[in-house]
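Here the structure of chain B is known, so what remains is to put chain Z in place on it, guided by the hints.
These protein sequence lines map, in sequence, to chains B and Z.
The first sequence begins at -19 in the numbering used here and counts up one residue at a time.
The second sequence begins at 10 in the numbering used here and counts up one residue at a time.
Any given hint could turn out to be false.
Partner residues are not named here, just some residues of chain B that face chain Z (Cβ under 10 Å, in silico) [to be verified]:
{"hint": "1", "residue": "Ser2"}
{"hint": "2", "residue": "Leu5"}
{"hint": "3", "residue": "Leu8"}
{"hint": "4", "residue": "Val20"}
{"hint": "5", "residue": "Glu94"}
Calculated from the structure, these hints are not laboratory results.
We treat Cβ as the ideally placed atom computed from N, Cα and C, and that holds for glycine.
Take a look at the letters that make up each chain.
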Amino acid sequence: MLPVTIAIAIAGALTLTLNARSLNLLMLGERDAFDLGVEVGRVRVVVFLVASLLVGSSVAASGSVGYVGLVVPHLARLSLGSDNRISIPAAALGGAVFVIVADTLARTVIAPRELPVGAITALIGAPLFIYLLKRA
Amino acid sequence: MLDARDLTIAYDDRIAVADVTLSLKPGEITAIIGPNGAGKSTLLKSLNGQVRPSSGTILLDGQPLERLNRRSISRRIAVVAQEAELRFPVTVIEFVLGGRFAWATNAGWGWETEHDLQIAGAVLRETELSELSGRLMNELSGGERQRALMARALATEAPILLLDEPTANLDLSHQATLLTLVRNRCDHNEAAALVVTHDINLAAQFADNLILMKQGRAVHTGTPEQVLQPQILQDVFEVTVLVDAHPVTGGPRVTPVHDTYRHL
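Chain B on its own, in the form it takes in the complex (with noise of 0.2 Å):
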């Protein structure tokens, strides 16, 4: 199982980040995009289907692990700015960072119990979001 979610999730991260300049134009409206150049059909097929995946497969693998999808893609577009260029793969390698984290804090802040990582998770996410929140 395990080497499959990492094959989808290499191959998905990977080809959404070879549409960001697509998905930047998309982000102005889908006239301008079209206009520009843009193949507005494929790309948001394209962009469904591997989101689609990328969640559904990383569910599958480790269970609903909250708040890492809702609040890292937030920090790094309001860190790195809104170029899906540098935002999408930092949100990648941000949620992994996150993830670990708080796995880690979870196997160990109780050792030799264990947390869920969900409860970690949302302990950071949670707050985070609601300032996230406030501030849009």
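Structure of chain Z alone, referenced to chain B:
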């Protein structure tokens, strides 16, 4: 450059454009005028593939438009809309660099080249936006935003410009400034422009050819002098008009005369 033959565009059962034939030539500005709902914008949208015609052919440099891929069309046809969409905040320079997308060899992931930045710098100077290049688009005035749209279209280096009511949100001086940019592009770069507008007098001043549309049909085409005649305009717009010579250009000047004043 761009030739449309017998274009018909139907939405469900309504025919928006019927049997329109037009041809854009280097150095010429063509203006489409006509009442609301005459099919002007629909016609314009079909010329870069945004709306698919029900019948007829569109040839771009001799090739059928529907067989060309998006990026090769966008390298040759630039569109200036009435307003920018702006769903997300972007700076003026980012916005204008969007015009270079169709030229990118690394269109998926990669940065703009030195050449792209030079062109963006040049068009920002041309549209007098250099000082605003770092500002956010939604902080600009309507006139400045419209100039940014124009700058982006110029940045594509496309020899064909399609403009859909580009002056609708602009004051008098900015209307002329914008169309002067179009005129310069046509005069110096052998570009061709097609402008949809409601402003007949602006069209008369800047366009080489006029296409007068009514109910989807191109009812009259020709030079401003040929098309802007009182009888023709009265038939199409159903309003009494006065046509005299423009005091400066000598071209036709159209003034609608409201019914209240007809007895004078």
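The hints, checked one at a time:
1. Interface restraint check for Ser2 (chain B): the shortest CB-CB distance to chain Z comes to about 7 Å, inside 10 Å, so the restraint holds.
2. With 10 Å as the threshold, the beta carbon of Leu5 (chain B) comes within range of chain Z, its nearest partner Cβ sitting at about 6 Å, so the hint holds.
3. Contact between Leu8 (chain B) and chain Z, as hinted, is supported at the beta carbon level, the nearest pair being about 5 Å apart and thus within 10 Å.
4. Using the Cβ-Cβ criterion of 10 Å, the hint placing Val20 (chain B) at the interface with chain Z is satisfied: the shortest such distance is roughly 8 Å.
5. A cut of 10 Å between beta carbons decides the hint on Glu94 (chain B): the least distance to chain Z is about 39 Å, and the hint is violated.
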